[in-house]
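Student: Residue 4 is where the sequence shown starts when you use the numbering used here, and the numbers rise one by one after that.
No farther apart than 20 angstroms at their CA atoms in a straight line, the calculated lysine to any residue pairs in the SDA-like style are these:
1. Lys162 / Ala58
2. Lys76 / Val165
3. Lys162 / Gly231
4. Lys76 / Cys52
5. Lys76 / Glu163
6. Lys38 / Ala58
7. Lys38 / Pro28
8. Lys125 / Phe77
9. Lys38 / Val71
10. Lys76 / Val55
11. Lys162 / Val71
12. Lys38 / Ser95
13. Lys125 / Arg276
14. Lys76 / Leu166
15. Lys76 / Ser170
16. Lys125 / Leu278
17. Lys258 / Phe26
18. Lys162 / Ile74
Hints in this document: simulated from the structure, not taken from any laboratory.
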Amino acid sequence: MTLPALAFDGAAALESTRRAVSFGPRPAGSPALVKTRAWLATEIRRLPCQLVEDAFTARTPLGPRAMVNLIAKFPGSSGRVIVVSGHYDTYSRPGLRFVGANDGGSSTGLLLELARSVAAQKRRDSVWVVWFDGEESLQEWSGDDHTYGSRHLAEVWRKEGVLRSISALINVDMIGDANLSLLYDLNSTAWLRDLAWSTAARLGYSAQFSRNQATAIEDDHVPFVQAGVPSLDLIDYDYGPGNAYWHTGRDTMNKLSARSFEIIGQVVLETIRALGGR
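Construct all of the structure, not just a fragment, from the sequences and the given hints.
Tutor: Here it is in C-alpha coordinates:
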(Lines of atoms letter the chains of each structure in order from A and count residues from 1; the text may use other names and numbers.)
(Lines give C-alpha, C1' and ligand atoms only; values in the text may rest on other atoms or scores of the structure.)
Protein backbone atom coordinates (compact mmCIF):
# COMPACT_ATOMS: atom_id res chain seq x y z
CA MET A 1 0.00 0.00 0.00
CA THR A 2 1.33 3.43 -0.95
CA LEU A 3 0.98 5.91 1.89
CA PRO A 4 -0.12 9.51 1.17
CA ALA A 5 2.83 11.88 0.78
CA LEU A 6 3.78 13.73 3.93
CA ALA A 7 3.04 17.46 3.94
CA PHE A 8 5.53 20.18 4.81
CA ASP A 9 4.66 23.82 5.56
CA GLY A 10 6.98 25.77 3.27
CA ALA A 11 5.38 29.09 4.22
CA ALA A 12 6.17 28.50 7.90
CA ALA A 13 9.77 27.58 7.04
CA LEU A 14 10.05 30.77 5.01
CA GLU A 15 8.77 32.82 7.95
CA SER A 16 11.26 31.16 10.29
CA THR A 17 13.98 32.07 7.82
CA ARG A 18 12.72 35.65 7.83
CA ARG A 19 13.00 35.69 11.62
CA ALA A 20 16.57 34.42 11.49
CA VAL A 21 17.49 37.04 8.91
CA SER A 22 15.95 39.76 11.09
CA PHE A 23 18.87 39.36 13.49
CA GLY A 24 21.19 40.68 10.76
CA PRO A 25 24.60 39.25 9.81
CA ARG A 26 25.25 36.16 11.96
CA PRO A 27 28.89 35.05 11.70
CA ALA A 28 30.21 32.54 14.22
CA GLY A 29 30.85 34.12 17.61
CA SER A 30 28.81 37.27 16.90
CA PRO A 31 26.19 38.76 19.25
CA ALA A 32 23.62 38.34 16.45
CA LEU A 33 24.28 34.60 16.29
CA VAL A 34 23.93 34.37 20.08
CA LYS A 35 20.47 35.98 19.73
CA THR A 36 19.60 33.65 16.86
CA ARG A 37 20.62 30.66 18.95
CA ALA A 38 18.55 31.83 21.92
CA TRP A 39 15.50 32.19 19.67
CA LEU A 40 16.04 28.72 18.18
CA ALA A 41 16.48 27.19 21.63
CA THR A 42 13.22 28.75 22.80
CA GLU A 43 11.36 27.32 19.80
CA ILE A 44 12.97 23.89 20.14
CA ARG A 45 12.06 23.66 23.82
CA ARG A 46 8.39 23.89 22.86
CA LEU A 47 8.74 20.48 21.19
CA PRO A 48 8.86 16.96 22.72
CA CYS A 49 12.58 16.49 22.28
CA GLN A 50 15.88 16.77 24.10
CA LEU A 51 17.84 19.91 23.30
CA VAL A 52 21.62 19.57 23.44
CA GLU A 53 23.83 22.66 23.20
CA ASP A 54 27.21 21.41 22.01
CA ALA A 55 29.57 24.25 22.93
CA PHE A 56 33.22 24.24 21.93
CA THR A 57 36.08 26.61 21.13
CA ALA A 58 37.32 26.46 17.56
CA ARG A 59 40.86 27.27 16.52
CA THR A 60 40.55 29.64 13.59
CA PRO A 61 42.93 31.87 11.58
CA LEU A 62 41.47 34.77 13.56
CA GLY A 63 42.15 33.13 16.92
CA PRO A 64 39.99 31.06 19.29
CA ARG A 65 36.27 31.46 18.66
CA ALA A 66 33.36 30.18 20.76
CA MET A 67 30.85 28.12 18.75
CA VAL A 68 27.74 26.10 19.60
CA ASN A 69 25.98 23.35 17.67
CA LEU A 70 22.30 22.86 18.54
CA ILE A 71 20.88 19.32 18.51
CA ALA A 72 17.17 18.49 18.87
CA LYS A 73 16.80 14.76 19.62
CA PHE A 74 13.44 13.13 18.86
CA PRO A 75 13.51 9.59 20.29
CA GLY A 76 12.56 6.40 18.48
CA SER A 77 12.55 2.74 19.44
CA SER A 78 14.76 1.07 16.81
CA GLY A 79 18.16 2.08 18.19
CA ARG A 80 18.96 3.75 14.85
CA VAL A 81 19.37 7.49 14.32
CA ILE A 82 18.67 9.62 11.26
CA VAL A 83 20.34 13.04 11.35
CA VAL A 84 19.12 16.06 9.40
CA SER A 85 21.50 18.99 9.56
CA GLY A 86 22.41 22.41 8.21
CA HIS A 87 24.31 25.51 9.31
CA TYR A 88 22.95 28.64 10.98
CA ASP A 89 25.99 30.92 10.81
CA THR A 90 26.64 33.35 7.95
CA TYR A 91 29.59 34.33 5.79
CA SER A 92 31.49 37.45 6.89
CA ARG A 93 34.12 39.64 5.31
CA PRO A 94 35.21 43.23 6.08
CA GLY A 95 33.00 45.80 4.37
CA LEU A 96 30.27 43.29 3.43
CA ARG A 97 26.82 43.37 5.01
CA PHE A 98 25.71 39.80 4.43
CA VAL A 99 22.38 38.74 5.97
CA GLY A 100 22.47 35.29 4.36
CA ALA A 101 18.80 34.74 3.58
CA ASN A 102 19.56 31.65 1.52
CA ASP A 103 23.05 30.80 2.76
CA GLY A 104 22.57 30.18 6.45
CA GLY A 105 19.03 31.48 6.73
CA SER A 106 17.19 28.89 4.64
CA SER A 107 18.77 25.91 6.40
CA THR A 108 17.98 27.51 9.78
CA GLY A 109 14.32 28.02 8.91
CA LEU A 110 13.80 24.71 7.17
CA LEU A 111 15.30 22.72 10.04
CA LEU A 112 13.07 24.44 12.59
CA GLU A 113 9.94 23.61 10.61
CA LEU A 114 11.26 20.09 10.00
CA ALA A 115 11.67 19.65 13.77
CA ARG A 116 8.03 20.66 14.21
CA SER A 117 6.98 18.16 11.55
CA VAL A 118 9.02 15.34 13.07
CA ALA A 119 7.53 16.09 16.49
CA ALA A 120 4.03 15.46 15.13
CA GLN A 121 4.81 12.10 13.49
CA LYS A 122 5.17 8.55 14.70
CA ARG A 123 8.61 7.08 14.06
CA ARG A 124 10.67 3.98 14.75
CA ASP A 125 14.06 5.61 14.22
CA SER A 126 15.27 8.49 16.34
CA VAL A 127 15.57 11.71 14.36
CA TRP A 128 18.15 14.28 15.40
CA VAL A 129 17.93 17.76 13.89
CA VAL A 130 21.26 19.60 14.02
CA TRP A 131 22.08 23.28 13.47
CA PHE A 132 25.84 23.51 12.82
CA ASP A 133 27.84 26.55 13.85
CA GLY A 134 30.93 27.64 11.93
CA GLU A 135 30.29 26.18 8.48
CA GLU A 136 31.62 29.31 6.79
CA SER A 137 35.31 30.08 6.46
CA LEU A 138 36.66 33.06 8.39
CA GLN A 139 39.38 33.94 5.90
CA GLU A 140 39.48 31.45 3.03
CA TRP A 141 37.93 28.03 2.35
CA SER A 142 41.15 26.03 2.57
CA GLY A 143 42.84 23.78 5.09
CA ASP A 144 40.65 23.62 8.19
CA ASP A 145 39.11 27.07 7.84
CA HIS A 146 35.52 25.83 7.36
CA THR A 147 32.96 23.30 8.67
CA TYR A 148 34.09 23.83 12.27
CA GLY A 149 30.85 22.63 13.84
CA SER A 150 30.39 19.50 11.75
CA ARG A 151 34.03 18.45 12.10
CA HIS A 152 33.81 18.93 15.87
CA LEU A 153 30.55 16.97 16.22
CA ALA A 154 31.71 14.12 13.99
CA GLU A 155 34.75 13.73 16.25
CA VAL A 156 32.68 13.94 19.45
CA TRP A 157 30.25 11.31 18.18
CA ARG A 158 33.15 9.11 17.05
CA LYS A 159 34.65 9.18 20.55
CA GLU A 160 31.25 8.53 22.15
CA GLY A 161 30.49 5.60 19.82
CA VAL A 162 27.42 7.38 18.42
CA LEU A 163 28.41 7.20 14.75
CA ARG A 164 27.72 3.48 14.46
CA SER A 165 24.05 4.14 15.36
CA ILE A 166 23.54 6.72 12.59
CA SER A 167 21.93 5.09 9.56
CA ALA A 168 22.00 8.30 7.49
CA LEU A 169 22.75 12.01 7.62
CA ILE A 170 20.98 14.49 5.32
CA ASN A 171 22.48 17.98 5.19
CA VAL A 172 20.62 20.96 3.70
CA ASP A 173 22.26 24.17 2.51
CA MET A 174 21.05 27.06 0.31
CA ILE A 175 17.69 25.42 -0.39
CA GLY A 176 15.35 28.45 -0.38
CA ASP A 177 16.19 29.79 -3.86
CA ALA A 178 12.95 30.54 -5.75
CA ASN A 179 14.60 29.06 -8.83
CA LEU A 180 15.41 25.78 -7.09
CA SER A 181 17.90 23.48 -8.83
CA LEU A 182 19.89 21.07 -6.71
CA LEU A 183 23.42 19.97 -7.38
CA TYR A 184 23.94 16.21 -7.79
CA ASP A 185 26.75 15.91 -5.28
CA LEU A 186 29.38 13.29 -5.98
CA ASN A 187 30.77 13.52 -2.43
CA SER A 188 27.47 12.20 -1.08
CA THR A 189 26.89 8.49 -0.45
CA ALA A 190 25.58 7.09 -3.73
CA TRP A 191 22.71 4.94 -2.45
CA LEU A 192 21.40 7.68 -0.14
CA ARG A 193 21.65 10.32 -2.88
CA ASP A 194 19.79 8.05 -5.28
CA LEU A 195 17.11 7.31 -2.66
CA ALA A 196 16.46 11.05 -2.26
CA TRP A 197 16.47 11.62 -6.03
CA SER A 198 14.06 8.74 -6.66
CA THR A 199 11.85 10.03 -3.84
CA ALA A 200 11.82 13.48 -5.46
CA ALA A 201 10.92 11.96 -8.82
CA ARG A 202 8.02 10.05 -7.26
CA LEU A 203 6.73 13.31 -5.79
CA GLY A 204 7.00 15.10 -9.14
CA TYR A 205 10.13 17.13 -8.43
CA SER A 206 12.51 15.80 -11.08
CA ALA A 207 13.01 19.31 -12.47
CA GLN A 208 14.43 20.51 -9.15
CA PHE A 209 16.35 17.25 -8.54
CA SER A 210 18.19 16.94 -11.82
CA ARG A 211 21.28 14.83 -12.43
CA ASN A 212 22.70 17.36 -14.90
CA GLN A 213 24.73 19.35 -12.35
CA ALA A 214 26.99 16.56 -11.13
CA THR A 215 30.06 17.65 -9.17
CA ALA A 216 31.71 17.05 -5.80
CA ILE A 217 30.90 19.69 -3.18
CA GLU A 218 32.55 20.29 0.19
CA ASP A 219 30.00 20.95 2.91
CA ASP A 220 29.01 19.88 6.42
CA HIS A 221 28.30 16.31 5.31
CA VAL A 222 31.92 15.58 4.36
CA PRO A 223 33.28 14.97 7.91
CA PHE A 224 30.58 12.33 8.35
CA VAL A 225 31.25 10.72 4.97
CA GLN A 226 34.90 10.51 5.99
CA ALA A 227 33.85 8.92 9.29
CA GLY A 228 31.89 6.21 7.46
CA VAL A 229 28.37 7.58 7.95
CA PRO A 230 26.09 7.41 4.87
CA SER A 231 25.60 11.11 4.16
CA LEU A 232 23.88 13.36 1.62
CA ASP A 233 24.15 17.06 0.79
CA LEU A 234 21.11 18.83 -0.61
CA ILE A 235 22.41 22.15 -1.98
CA ASP A 236 21.41 24.59 -4.70
CA TYR A 237 24.75 25.97 -5.85
CA ASP A 238 23.31 28.00 -8.73
CA TYR A 239 22.00 31.06 -6.91
CA GLY A 240 21.23 33.91 -9.27
CA PRO A 241 22.66 34.34 -12.79
CA GLY A 242 26.05 32.64 -12.75
CA ASN A 243 25.69 32.13 -8.96
CA ALA A 244 25.93 35.92 -8.64
CA TYR A 245 23.95 36.20 -5.37
CA TRP A 246 26.18 33.79 -3.44
CA HIS A 247 28.21 35.44 -0.66
CA THR A 248 27.06 38.93 -1.67
CA GLY A 249 24.72 41.54 -0.24
CA ARG A 250 22.12 40.36 -2.75
CA ASP A 251 21.39 37.21 -0.76
CA THR A 252 18.12 38.62 0.58
CA MET A 253 14.63 37.37 1.42
CA ASN A 254 13.09 38.46 -1.88
CA LYS A 255 15.11 35.73 -3.65
CA LEU A 256 13.41 32.94 -1.70
CA SER A 257 10.19 31.00 -2.19
CA ALA A 258 7.90 29.06 0.17
CA ARG A 259 7.46 26.52 -2.63
CA SER A 260 11.18 25.70 -2.60
CA PHE A 261 11.05 25.08 1.15
CA GLU A 262 7.97 22.91 0.67
CA ILE A 263 9.71 20.78 -1.97
CA ILE A 264 12.87 20.22 0.07
CA GLY A 265 10.97 19.62 3.30
CA GLN A 266 8.67 17.08 1.70
CA VAL A 267 11.52 15.20 0.03
CA VAL A 268 13.46 15.08 3.32
CA LEU A 269 10.43 13.82 5.26
CA GLU A 270 9.66 11.17 2.65
CA THR A 271 13.32 10.10 2.56
CA ILE A 272 13.30 9.76 6.34
CA ARG A 273 10.19 7.58 6.04
CA ALA A 274 11.84 5.44 3.37
CA LEU A 275 14.94 5.04 5.56
CA GLY A 276 12.75 3.91 8.44
CA GLY A 277 11.35 1.15 6.27
CA ARG A 278 14.73 -0.22 5.20
